[in-house]
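Protein chains: 4
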Amino acid sequence: MIVVIRPHTSPDKIDEVIQEVAALGYTPAPIHGVNQSVVAAIGDENTHPNLESLLALPQVERVLRVQKRYRLASRETHPDGSIVEAGSIPIGGRAFTIMAGPCSVENEKQLLTTAEAVREGGATFLRGGAYKPRTSPYEFQGLGPEGLRLLAKAKELTGLRIITEVLSEHDVERVAEVADILQIGARNSQNFQLLIAASKSGRPVLVKRGFSQRIEEWLLSAEYVLAHGNPKVLLCERGIRTFETYTRNTLDLSAVAIAKLESHLPVIVDPSQGCGRAELVVTLCCGAVAVGADGLLVEVHPHPAEALSDGQQQLDFTGFRNLIKQITPFLEAANRSLQTLPTQK
Amino acid sequence: MIVVIRPHTSPDKIDEVIQEVAALGYTPAPIHGVNQSVVAAIGDENTHPNLESLLALPQVERVLRVQKRYRLASRETHPDGSIVEAGSIPIGGRAFTIMAGPCSVENEKQLLTTAEAVREGGATFLRGGAYKPRTSPYEFQGLGPEGLRLLAKAKELTGLRIITEVLSEHDVERVAEVADILQIGARNSQNFQLLIAASKSGRPVLVKRGFSQRIEEWLLSAEYVLAHGNPKVLLCERGIRTFETYTRNTLDLSAVAIAKLESHLPVIVDPSQGCGRAELVVTLCCGAVAVGADGLLVEVHPHPAEALSDGQQQLDFTGFRNLIKQITPFLEAANRSLQTLPTQK
Amino acid sequence: MIVVIRPHTSPDKIDEVIQEVAALGYTPAPIHGVNQSVVAAIGDENTHPNLESLLALPQVERVLRVQKRYRLASRETHPDGSIVEAGSIPIGGRAFTIMAGPCSVENEKQLLTTAEAVREGGATFLRGGAYKPRTSPYEFQGLGPEGLRLLAKAKELTGLRIITEVLSEHDVERVAEVADILQIGARNSQNFQLLIAASKSGRPVLVKRGFSQRIEEWLLSAEYVLAHGNPKVLLCERGIRTFETYTRNTLDLSAVAIAKLESHLPVIVDPSQGCGRAELVVTLCCGAVAVGADGLLVEVHPHPAEALSDGQQQLDFTGFRNLIKQITPFLEAANRSLQTLPTQK
Amino acid sequence: MIVVIRPHTSPDKIDEVIQEVAALGYTPAPIHGVNQSVVAAIGDENTHPNLESLLALPQVERVLRVQKRYRLASRETHPDGSIVEAGSIPIGGRAFTIMAGPCSVENEKQLLTTAEAVREGGATFLRGGAYKPRTSPYEFQGLGPEGLRLLAKAKELTGLRIITEVLSEHDVERVAEVADILQIGARNSQNFQLLIAASKSGRPVLVKRGFSQRIEEWLLSAEYVLAHGNPKVLLCERGIRTFETYTRNTLDLSAVAIAKLESHLPVIVDPSQGCGRAELVVTLCCGAVAVGADGLLVEVHPHPAEALSDGQQQLDFTGFRNLIKQITPFLEAANRSLQTLPTQK
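Residue numbers (our numbering), protein chains in the order written: chain F, 960 to 1304; chain E, 960 to 1304; chain R, 960 to 1304; chain G, 960 to 1304.
Hints in this document: simulated from the structure, not taken from any laboratory.
Do not rely on the hints blindly, as some may be mistaken.
[Unchecked claim] Only pairs whose alpha carbons sit at most 25 Å apart, straight line, appear in this in silico DSS-like list of lysine-lysine:
(1) F:1068 to F:1027
(2) R:1284 to E:1027
(3) F:1027 to G:972
(4) G:1068 to G:1112
(5) G:1027 to F:972
(6) R:1027 to E:972
[Stated by the list, open to error] Quick partial rundown of chain R residues pointing at chain E, CB under 8 Å, derived from the structure:
(7) 1094
(8) 1137
(9) 1187
(10) 1190
(11) 1300
[Unchecked claim] Okay, the calculated bits of chain E under chain R, using three or more residues with CB under 8 Å as the criterion:
(12) 1043-1057
(13) 1149-1160
(14) 1184-1193
For glycine and all other residues, C-beta sits at the position ideal for the given N, C-alpha and C.
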């Protein structure tokens, strides 16, 4: 770390900083500049105490980190991209993964017709919320265990693998029985206890970026899963909170490019949360392919206008077929191809 | 709700919207404007389905809510401010509450000397983290149950009431045995399962605003606690995420004024998370008093430069005494006075 | 507009609102809901006074606009995309436009070698700042008129058309003599006097989105140019300000998709302002093509590490050739092709 | 500056950085850490080139500035707060300045009755826009020169000093004839040519913070005025753009505290832009006093509901009297008193 001393600090006050740096286990290396001095603290920042506490000293102006805080998630430790296998399907290679299905599991007919439609269209994973995090306590909270039962049935009938959200540490085991991928939603992106519990399930974990998570923090949330022993982690960009009000969130495609550069983990894009028009969803999916995403997580519903949650952002079956058609030339340009389901389930 | 139809929509397409509105249980009231039509949907928005799903229809341009989404937290339902009793101490009346103590419970000596100092200075609640949510899995995560034991000891010795954070549904019961107030941190502000579990404990719950929570969403997080049967809720503003990099977060004092206007719940301000200098903490506390806060949650440490977490934002004992001295005239201006501990514990 | 009345408002207070709405020239249409009343104000919002002033009445809770505020920039008025001709080169059609060159014009050799290189690589426009808006008064402010002279010379020698920024109303005429497109930078995106002066020059005007401009506001800045009689407007997305600190700005590719949906104006993407690594620039350009951009504005410098401004974001000549190579398959996927210079200059 | 080298960089690539640092005029001081090396560049950052261009080298990970970029605006160069005299009235001392008046000058009666009311109430400056920056070209743009004439008349009749906005370099001279303070609005906060022109007028200049200006950038905008020879600068916080939608902007009172810490310049708070309710304006003004503001810029209108611009945020005369009454005890707590007009005009 670099400790920046305020201008006009007396030598003995600089010495005080040098001694604190040494007391905390670093080797101090002072550099006296023209206007200001800095004290470089030599030592591994990830195993020594954070020197930011030195800001409590009045002569310290700033403390700058040098090292990155994530290790296991970093591409430096793993120069090739990772391939994460989920339900025996590899995610992150040349094949591009489509995860599609309704926002919420509403009933058997809705789920099964959707599963059939998205499998036909090219999906290999069925998404669908059994447990729904809703901003208001008065909104539909999902079918719970009955939703899980329906997901298991859809898997049985179609061969699609399942991705679904887990909201509570109490439910991790139950959800992991059905899900091939556990989804951690944006609202729980820094619910570290849930990340740890999901890690320990052994199931692949998809970590959505929080509404206002910096990329470093998002990778550190992934690092929680990795550091607790589970190497199967997928990142998911789903839109950040900005000043813009045209859309609910601002899908941050540049973050996909950065995540691919900084990390070896596969990156999935969920375009549905941010926009209220099918036309936008399709265009953003083309963009996602072009910036290097490894797959899409997209909401599809038989009759969006009557959905129990977030109908405005769900594609109908025609819209889903059109999506696949539109992204196909961009997949070719990116030298990728649509993933297919293994012939036997 | 108001459903805005796109310009140049044909009458039969407007009828389609009218019928969907009726099918969802509202009474439709179309209004034909000069350039555009709108369909007002008459009915209680909080018990009928959300019409935003109608955005799935191409002729629908926007859907505007009319009603507020929170009810129990709203000042409309409770025009006088609420007083929340915690450990037999009333919060939210004329008396102004100081909650002070270290960021993390580190060891017995640290905690007990700090408890003594803040009680002398004017605090009625001791704060201190036994369970710490840390952005990186490699940072100090708190002493856990041992931290709780030390908090209980400090309470026993000083009479101070205890506020401490709970991170996991699994720990709610254990923390509630010691804590007079359960703190839900910013990272868990939309961890609805934790809010529900905290509600059910029956203990007062302090709900911190999330990094990027709109005020409406913050009040809806409080609504989760209220709707699950626990009326003892405190709101806490602790800084939001903005583009500014001078401070870690931007303490939003205007949100305090708005929360007092919109809600009857007491509002506490935590100035420590946002700023790295004692001087700023003191000034922001004066501001908090002036905009109507009911109390402060402030970090105090015997030797901030060596704190195990966030030393830069913690006041030392001299700094704490100075804080109390500085806010005193502003408390008088606000016609408030420092709360005192009941003589018998 | 829709005027939302607070719950529990007495009929005579609702009447007061109805009368104010009528006094301001609208036809009021009150709707009495279950919990709240609203007063719809029938009339053209763009020629009547803004009813937001009614919020000054205590019984008014909110005022909601129905109509869009931009007209000439709107796709509704012009369903096909516009083609803007600049220096006899059409922008916005099937051909994809590359505008490239240094951040600042530094000297003759730097500019001419860069011009030659970008022309060879596939650019049709040369960019280069003669007047530079710099955050600090102590930073290099550009060569001014001498920079314009060098741009004119580069145009003469290479046939490339010129795009350059204008900072001051005083300079519009002088810049318009040399430039085929006047660039209005992000810092001046709501400098309406400059927009008006640029409009009156008759030259095509490229309007960059401000750091924190909502899309509606960006289109209204374009509307200033259009409404003052100049139909030749290009939009340019160049990154918005968010909480993210990995990059200087967050390039908002979703705004490109939205701008294409809402407006008929061509949209150019400037990826250079946001990122400090050539690798990212290239990936984001592929994304820009996929979301529907009509061209790129990209910084190229012979030796970026020694640039007088913003070297970190400039491509060298090899980087530029690689950029063109990388975007080519995505242009094909988007059914577009690189624009070429007319054979006679 | 500190140049951070990527991990695993070979010694000759580190040498390349060292040589570039030396070539740019700094003395390089390499420090070899446990995991990564850094090269400290010794030299005055404000007179040497910005090393961020070195990010163009692939082995450079980050470049960190050490020094602050503003000098004349910095409190380090001027430890006591400045007092800026405008129209012979000192701003920034113990006396607290009230600047009040309508958003826009609409007509003689409106302006003169308001001027009379705010003078009675305790204002020393009359505010009122003759030139209005409006987001849409179709909105009321101000009376222009006729507005200036009315301001001059109001000054003549009441003795109030005048503050009014200037939008164009062309108008600086004309506005400076009437105005005691030139106001640079948020949309022009980085219109550097206008800042320079305002500086050269010799009149005091009030620099509003841009919608998304970091505090450092705001102080650098002030630095433009100072560096061009005019020491009479006032800072003005007026609300920043965040994700919150309850208010139009988020008034950032913490920025006032920081500006007072970092700079010697007086700070004025404009609470009107952010909020749509008189109640909030008053509370935020109390907060402004408590965090150290030197004055208020507040909108007052005889009949806000019929104002030609922004009626929702303007106080009526009763509201203004109430504001003064409410802030009075907080002024006492801050050891300040309301400024009074000198007895002879």
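Does residue 1094 of chain R hold up as a contact with chain E if the rule is Cβ-Cβ below 8 Å? violated (14 Å)
Holds or violated: residue 1068 of chain G to residue 1112 of chain G, with C-alpha atoms at most 25 Å apart: Status holds; Cα separation ~11 Å.
Verdict on chain R covering the region 1184-1193 of chain E, where coverage means 3 or more residues with a C-beta closer than 8 Å: As far as the region 1184-1193 of chain E goes, the hint is violated, because 0 residues have Cβ atoms under 8 Å from chain R.
For residue 1027 of chain F and residue 972 of chain G, compute the direct alpha-carbon distance and say whether it is at most 25 Å. Distance of about 20 Å is within 25 Å: holds.
Take a quick look at whether residue 1027 of chain R and residue 972 of chain E sit within 25 Å of each other, Cα to Cα. Judged against 25 Å, a Cα distance of about 20 Å means the pair holds.
Within the region 1149-1160 of chain E, is the number of residues with a Cβ closer than 8 Å to a Cβ of chain R three or more? violated (count 0)
Hint residue 1187 of chain R vs chain E: min CB-CB distance below 8 Å? violated (23 Å)
25 Å Cα cutoff - pair residue 1027 of chain G, residue 972 of chain F: holds (20 Å)
Less than 8 Å between beta-carbons is the criterion; does residue 1190 of chain R satisfy it with respect to chain E? violated (21 Å)
Coverage assertion for the region 1043-1057 of chain E with respect to chain R, Cβ distance below 8 Å, three residues required: violated (count 0)
Hinted pair residue 1284 of chain R and residue 1027 of chain E, Cα distance within 25 Å: Measuring from Cα to Cα gives roughly 53 Å; hence the hint is violated.
Does the CB of residue 1300 of chain R sit less than 8 Å away from some CB of chain E? violated (40 Å)
In summary, the structure is inconsistent with hints 1, 2, 7, 8, 9, 10, 11, 12, 13, 14 from the numbered list given earlier, while agreeing with the others.
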